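**Student:** Each chain, letter by letter, is given below.
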Amino acid sequence: MTQVEDDQAPNGLVKRPTGIPSIDIATCGGLPAHRATLVLGQPGCGKTILGLQVLACALDRGEGGVFVSFEESRKQILRDVAAFSWADRFGETSRCEIIDAQSMKGAELSGPFDIDGLLAVLAMCADRVDGSLIVLDGIDQLLRRQPDPLIAVEQVRQINDWCDQRSCTLLLTGKQAQGGSQFASPDHLPGIEFLLSTIFTLSTELVDRSLHRRFRIAKYRGSKHNGDELAMVIDQDGICLPYINSPSDKVGGSATSERISTGIERLDDVLGGGIYRGSTTLISGQPGTSKTTLAAAFGVAACQRGERVLYVSFDEHGSNIVRNLTSVGLDLQPHIDGGLLALHARKSWDVVAEEHFMALQQMIESFKPDCLVIDPASSLLKSSTSHSPYVALERLLENTTRQGITALLTSIASDDDPSDEATMAQVSTLADTWMVVRFRVHGGERNRSLSVVKSRGTAHSNQVRELVISSEGLALADVYEFGTEVLMGTARVEKESEEKIALKLRERERERRRQTLDQEIEKTRNQITQQQNDLARLVDELKYESVYDDILEQEVSHYQDRIRWRREPNGQATAHDREKDHQGGDT
Amino acid sequence: MSEELVADNSLSSKLILFVTDGAPRSGRARDNLSAALIQKGLDGWPREIDLLKEPGQALAFGMFATPALLRIGADGPKAVLYGDFSDTGSLMRFLEAL
Chain A
1 MTQVEDDQAP NGLVKRPTGI PSIDIATCGG LPAHRATLVL GQPGCGKTIL
51 GLQVLACALD RGEGGVFVSF EESRKQILRD VAAFSWADRF GETSRCEIID
101 AQSMKGAELS GPFDIDGLLA VLAMCADRVD GSLIVLDGID QLLRRQPDPL
151 IAVEQVRQIN DWCDQRSCTL LLTGKQAQGG SQFASPDHLP GIEFLLSTIF
201 TLSTELVDRS LHRRFRIAKY RGSKHNGDEL AMVIDQDGIC LPYINSPSDK
251 VGGSATSERI STGIERLDDV LGGGIYRGST TLISGQPGTS KTTLAAAFGV
301 AACQRGERVL YVSFDEHGSN IVRNLTSVGL DLQPHIDGGL LALHARKSWD
351 VVAEEHFMAL QQMIESFKPD CLVIDPASSL LKSSTSHSPY VALERLLENT
401 TRQGITALLT SIASDDDPSD EATMAQVSTL ADTWMVVRFR VHGGERNRSL
451 SVVKSRGTAH SNQVRELVIS SEGLALADVY EFGTEVLMGT ARVEKESEEK
501 IALKLRERER ERRRQTLDQE IEKTRNQITQ QQNDLARLVD ELKYESVYDD
551 ILEQEVSHYQ DRIRWRREPN GQATAHDREK DHQGGDT
Chain B
1001 MSEELVADNS LSSKLILFVT DGAPRSGRAR DNLSAALIQK GLDGWPREID
1051 LLKEPGQALA FGMFATPALL RIGADGPKAV LYGDFSDTGS LMRFLEAL
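So the protein sequences, as listed, match chains A and B. Going by my numbering, the letters in the first sequence line up with residues 1 to 587, in that order. Going by my numbering, the letters in the second sequence line up with residues 1001 to 1098, in that order.
It should be emphasised that the hints constitute simulated quantities derived from the structure, not laboratory data. Among these hints, one or two may not hold up.
Stated by the list, open to error - Capping the alpha-carbon separation at 20 Å, the derived lysine to any residue pairs in SDA-like fashion look like this:
(1) A:Lys75 / B:Gly1062
(2) B:Lys1078 / A:Ala107
(3) A:Lys105 / B:Gly1062
Just so we're clear, the structure is a prediction, and the values are computed from it rather than from any experiment.
Construct the entire structure; sequences and hints are all you get.
**Tutor:** Encoded structure:
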């Protein structure tokens, strides 16, 4: 099923895609098939390019088409398209005819004329190229010559009817009158807005001396469409409406709870483990507060994880960035050489914000980064824009969030005013994490401080910390409060030194006390052992004493027996007593 | 148109009249041109090309609006007058150069 069939509206309106994605989205399908669409605009606003690009897209799809120019020769037309990426579509092909119809220019006139001959030529050429797309570029050069404008309008109707009969889709381009009505229809085509069902207007405006282009669907009868005045960009790929998202783009990516490192360990700790993958982080601060170094640390950490990083600088040349960061221990070159880091330097004033947006989008699409760094994003905001300066950034971050790309933006704060944090408030609403780096002057020193102003979904520390930069890289140091002041730099180092000495003294004292106690314990243990030995000896002595007492008692008893025997009245002891006396004497 | 007019080689080699047959303006152009030629005392009739029958000639001469009168010099097309020649003044001036 073709897209034309897909886009058939309930009322029978059939659409034919232009092949320019953003215009097809804005028109909800493209041009009305088998009808004429009028494109109005001042000279130089891109009418011819639009016609040629629509034709190139048709050729790309294998369709045929006819381009009739009432303003330029075939050679000039081919020269016009040479700068575009789709120029080769107009090379040797039998599916396309470019017709030079500028003979009307400078010709004399004697009364009204017909365009039947033109339609006969179109029919012949459409058959020859086997196509149904026709572009009449600069039709005003022909029709404005009609002495009666009503005849010209009638001939536009004739062209429209012819499209229907021939099943051709036609794009008419013509110059727009200055100012005038809402449609500002050309003077030579009064009331044309009532005749044709579809009218596009292209316009240009100088804002801050930069050219801004706009596209508007002034009318699209019977079809849903975007009626806003839309920013338009013409680059090497032709016309694009940068802020138009495809319906599939609106589907948001799922939020992840994965945290990735900022490249500074202690900062990760402050943020509860790092920043969320796919989130947006803003680092704002005055010039020289190391925003670029912080951004690069994040990029290098990502590369070390094997992720792809797109680093866009609006500040310095790529080679300068690499050189300067080497001095603080951040070597980008190996990652650039390894293809993980793409470093692009852009000048904010070169092109308007919409073109920066387009270029960044294209870089993202082609490089497919995991992480994006824009340093500083505030320069992008300073580039000329016809819309709010934040639109480009908003759309860009919308896209990175949807694609799960972790973005880190830096922003230059303008002065020392502490309330400066509010100046980036609008951008900060886009950011999930907002860190502020600033200088603190104390004791003749200028030190850098870092604080996390907000971090969505994170119980982050509210403490201001000192950002310390050395040849080994970045680190965060705790600051010391001294009364109402916060100590940084040398004062912090002194304080740290004092703390270290005090700590060492305390440790030494504890060690001494431990040793003393150990000695006391040992001594006491020895005393206990000695006394236990004494106790055992005394117990033994006591035991010995008791045995001796028993023997002594027996001896006494025996002695008493012998005495008693000797004192017997018969003076003689029995044999038994003698024996007993004898045994007792031996013992 | 008469055979005599077509046979007038001198005028047909200097002028080409582009028409779309059946269109009222082409008819009026013929009438106005005929009257002007008579007024000028010029004999003959330009070569006529009907773009409906020969659209390829429109591409060859770069003529897309009809009626149109193309004046040809010795080295190719010189000038074009578009319209039904109802403005006789401009038609007479155009024919002056013949």
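**Student:** Take the hints in turn and mark each one as holding or not.
**Tutor:** Against the structure, the hints come out as follows:
no., hint, verdict
1, A:Lys75 / B:Gly1062, "15 Å, holds"
2, B:Lys1078 / A:Ala107, "10 Å, holds"
3, A:Lys105 / B:Gly1062, "11 Å, holds"
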